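Chains as they are written, first to last, in UniProt numbering: chain A, 1 to 479; chain B, 1 to 302.
Source of the hints: derived by calculation from the structure; they are not laboratory data. Note that the coordinates shown come from a computational prediction; the quantities given were computed from them, not determined experimentally. Hints are all accurate, no fakes.
Which chain A residues face chain B? A few, computed with CB under 8 Å, are given here: (1) Leu54; (2) Ala193; (3) Tyr218; (4) Asp423.
All C-beta atoms, glycine included, are put in the ideal place defined by N, C-alpha and C.
Spelled out, the chains give:
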Amino acid sequence: MAQNEDDDYEYRIKEGDHIVLKRGDVYKAVQIQRKKKVIFEKQWILLDNVVGHLYSTTFEIASGGTLQPKEDKETESSTDVKVAGTDNRNIVDDGKSQKLTRDDIETMKEQGLKNEEIIQQLIDNSSTFNNKTEYAQDKYIKKKKKKYENTVTVLKPTCRIIAMMYHGREPGKICHLRYDTLAQMLTLGNIHAGSKVLVFETCAGLVLGAVMERMGGYGSVIQMYPGGGPVRAGVECFGFPAHFHDMLHEFPICHVNALLAGTLDTGAKDPTAVRWLGTTETSIIAEEKHLNAAAEQEQIQPEAERQEGSPADERMETNTGGDAGQDREKLEREKRQEAKERKVKLEEKRRKLAAAAALLEGRNADGLVIASQFHPCSVLLGLIKFLSPSRPFVVFSQFKETLIECYTKLKEQGGTVNLMLTDTWLRHYQVLPDRTHPLLLMSGGGGYLLSGMTVATDHSEPPAEEPAPKRQKVKDSEG
Amino acid sequence: MSFIEYSNLIQDGDVAIVHLGHNSVTAVKVQHGAQTQTRFGVIRHSTDLIGQRYGCKVTCSKGGWVHVLHPTPELWTVALPHRTQILYTTDIAMVTMMLELKPGSVVCESGTGSGSLSHAILRTIAPTGHLHTVEFHQQRAEKVVEEFKEHRVDHLVTVRNQDVCKDGFGVTGVADAVFLDIPSPWEAVGHAKAAMKKHGGRLCSFSPCIEQVQRTCQALTERGFEEVRTLEVLLRVHNVRPVTLQLPDFGPDSSSSSSQATEEAPPSAAPNPASLKIKTTTPPREMPGHTGYLTFATKPRT
Chain A
1 MAQNEDDDYE YRIKEGDHIV LKRGDVYKAV QIQRKKKVIF EKQWILLDNV VGHLYSTTFE
61 IASGGTLQPK EDKETESSTD VKVAGTDNRN IVDDGKSQKL TRDDIETMKE QGLKNEEIIQ
121 QLIDNSSTFN NKTEYAQDKY IKKKKKKYEN TVTVLKPTCR IIAMMYHGRE PGKICHLRYD
181 TLAQMLTLGN IHAGSKVLVF ETCAGLVLGA VMERMGGYGS VIQMYPGGGP VRAGVECFGF
241 PAHFHDMLHE FPICHVNALL AGTLDTGAKD PTAVRWLGTT ETSIIAEEKH LNAAAEQEQI
301 QPEAERQEGS PADERMETNT GGDAGQDREK LEREKRQEAK ERKVKLEEKR RKLAAAAALL
361 EGRNADGLVI ASQFHPCSVL LGLIKFLSPS RPFVVFSQFK ETLIECYTKL KEQGGTVNLM
421 LTDTWLRHYQ VLPDRTHPLL LMSGGGGYLL SGMTVATDHS EPPAEEPAPK RQKVKDSEG
Chain B
1 MSFIEYSNLI QDGDVAIVHL GHNSVTAVKV QHGAQTQTRF GVIRHSTDLI GQRYGCKVTC
61 SKGGWVHVLH PTPELWTVAL PHRTQILYTT DIAMVTMMLE LKPGSVVCES GTGSGSLSHA
121 ILRTIAPTGH LHTVEFHQQR AEKVVEEFKE HRVDHLVTVR NQDVCKDGFG VTGVADAVFL
181 DIPSPWEAVG HAKAAMKKHG GRLCSFSPCI EQVQRTCQAL TERGFEEVRT LEVLLRVHNV
241 RPVTLQLPDF GPDSSSSSSQ ATEEAPPSAA PNPASLKIKT TTPPREMPGH TGYLTFATKP
301 RT
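Using the sequences plus the hints, can you model the full thing?
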């Protein structure tokens, strides 16, 4: 049995874990922190109690928002009324069928009645319930259950759950990328362990996280990012083990042209610095100088901040008197410490940039995944240059028109085959005895994909005419 | 070459995908001295393929050319020899994500069929996962074993030649996910549950008919599966092409000046002033309207 305990260890919820709360079809990702309250489905809950329980446990929300593991799941039998009508010819909507008032229900809730008991009360006090058909009764109970339900299930995050959560909660943040579309991207991109994949996304890190999950910590992912830094909120939700982050690299998209031209100086931190240093001064001395300059700049910053807070400092000086000199010394030390930290950070950033650049320089990446709010055409044409021949790429866009342009440009430029512009259509079904049908509501659109495969562009031959047999074939198939 | 690892150069014994244009591909087993006939002429393996880079353009004897691609499960799906009806990439993608497959996953599958899904599963669960696949048709089981060996993924898969509805998957308490593509999946639900880890896992059943779905859902609920969801996913292909639309002639317009009229004429309309060219997509005349219903469920901890 001791072994059994060990078996369970990885399935237990621990403090600091990233988890997903679920009720019905609603998900919310949170991190477990002691004494931290989170709001879920209009209820405050405290997550302290879930630590130590197994993942996928369902909890009941008690007063004060604490969670208690639900005892038994078989409470269905409590509402077995077996009198039912055959049709609704005698059911009149007079608004008076429910004899309980709003206040009555509120009082019941305040008394701490279980939701099953409240539902039973509602049924007992409904004059039309027994006349409803069996199916209508079932529907009534389900609806009420959903309303008075106060349970929550704690899940381990996976790509499936997080993609569904983002699509349900914040589709705007992920460019309306539906989960089935994301699934297509991962498959069309042949994302798997051991490859080197480029990702450009502005989907809060969801796409990046999905790619990382599929690679399982093997290989490398290079996140190409716009602006000041990569967005990875979605990646956090996955709660990856630390070693997954070793495979993750980042490269600012503003350096792509320099890298392609071979003029990228990985010693420089930002584009302005590249100008300062020029391309010839790549010696360590120059880098050092730059670093020192940057560190000094950073030094000025905290000083300015400190001056704002000077009244407090002065007060302290008058209070403690003799400690003033010490204080100043401490300040100096802090400043030096901060400068050192900055330098270390800068060094780290430079090292990361150099590492990412080294990965890209060979132009032998195995896959390219693009999903952003930027115009995909320039992104695709810029980044596809980093791919080896015979490697898949996939571009997502919320709009079809942008991908039509990509398609046309790629056709003109050559170097790709198997170009496909697609979207997927997703339909959910209600499957119940004698009541099976598609769900009444379905998602209108989950975006479009352009996928294809790179091939070698031959520079030796001129971009000659297509050979006769091929031309003929193309004409045949088009006609 | 391997279906789970990219390599740059084509070698003797590889399986290469020859791209003949317009989504037409065939799989070729590369062998010294061998030849492959295409409609553009012959490809001589020793000179045209071996030692060349994947993605290269090969000029065939008749002057036509083809591209030689590195195999992937997706290319294999469109190139493989059919021994049964197969699952295509759109459904495979959905199955992979909804079953939460990733490197290290242990998966049970039945039937193996032509191995279309099997290759995609192997790609995803490599290098540390394992696939236990069950095929009751002896010849098909033998054939697929041969293919796994050729594709250098045999170390990740065990093929069992037995009836999954009677004998189960041949393993118990090991699977993170189970996939069923058999005529009577409801008869295998119990075995599926037994094959899955004590801590739980995901199940998917693929059925073309709604009656099959109905019975499967019932069996799943009876066996204590949770989160039973049925869905369908369809691929829509958009053919990109320029379209020319004619503009009607309303006759001379007396209300506006003649100079304005010429300005408004579209620039692309030079040869025929009464038409407009737009870049758009057209749907294919026919498309697959139904492949199968996908039913997913979660096995809770037992």
